[in-house]
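Here is how the chains run, residue by residue.
2 protein chains.
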Amino acid sequence: MKARVYVSMKKTVLDPQGQTIQSALNGLGHKSISGVRQGKFFEMDLAAGMSREDGAKELDLIAREVLANPVMEDYRVELID
Amino acid sequence: MKARVYVSMKKTVLDPQGQTIQSALNGLGHKSISGVRQGKFFEMDLAAGMSREDGAKELDLIAREVLANPVMEDYRVELID
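From first to last, the protein sequence lines stand for chains A and B.
Counted from 1, the first sequence has number 202 at position 22 by the working numbering; the numbering is strictly sequential.
Counted from 1, the second sequence has number 233 at position 53 by the working numbering; the numbering is strictly sequential.
Only chain A is shown next, with the shape it has when bound in the complex:
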């Protein structure tokens, strides 16, 4: 089973990296970009034969405790096939 975990800053938290990318893009002539927020994602392979339910539970735990900082970041888990 494959899965993706997406981690991004909460909407209420300032994202200076995204702002820098936005002003760089505007400076390069891409004036239509009015906002950028950056995030990261993790593509994971899970052991074969794991049930979707167990996989989702495990990934939620991993996302919350290891990959994301729940104080500042939101995460989203997506199971693929």
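Misleading hints may appear alongside valid ones.
As the list claims (entries may be wrong) - Covered by chain B, according to a simulated footprint, are these stretches of chain A (three or more residues, beta-carbon under 8 Å):
#1 208-216
#2 220-230
#3 249-261
Stated by the list, open to error - No more than 35 Å apart at the CA atoms, straight line, and that leaves these computed lysine-lysine pairs for DSBU-like:
#4 B/K220 <-> A/K182
#5 A/K190 <-> B/K182
#6 B/K182 <-> B/K220
#7 A/K211 <-> B/K182
#8 A/K237 <-> A/K220
#9 A/K237 <-> A/K211
#10 A/K191 <-> B/K211
#11 B/K211 <-> A/K211
#12 A/K211 <-> A/K190
#13 B/K237 <-> A/K237
#14 A/K191 <-> A/K220
#15 A/K237 <-> B/K190
#16 B/K237 <-> A/K190
#17 B/K182 <-> A/K191
#18 B/K190 <-> B/K211
#19 B/K237 <-> B/K191
#20 A/K182 <-> B/K182
#21 B/K191 <-> B/K220
#22 A/K211 <-> B/K237
#23 A/K237 <-> A/K182
#24 A/K191 <-> B/K237
#25 B/K237 <-> B/K182
#26 A/K182 <-> A/K220
#27 A/K237 <-> A/K190
#28 B/K211 <-> A/K190
Since the hints were made in silico from the structure, they are not lab data.
On a predicted model such as this, the values are computed, not experimentally measured, just so you know.
Quick reminder that beta carbons are idealized off the backbone N, C-alpha and C, glycines included.
Guided by the hints, dock chain B onto chain A, whose structure is given.
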């Protein structure tokens, strides 16, 4: 209009950061994780009134020329509403 651009290492390129995360997760007891690859994504706001077609074209250009390194990385553009 909102859009997301996903950038990740090509499958054929080694991803040491992903490998490190995988061995850390295994060390923490998450033995079911057999592979991790890390990527980044950019959530973009586009100027109102832009057509989907123009938006897709603009974002493809931005992804190819600014956000991703096409030698080592793949990208994917996703338009939202």
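Where does the structure disagree with the numbered hints, that is, which hint numbers, in rising order? 3, 9, 11, 13
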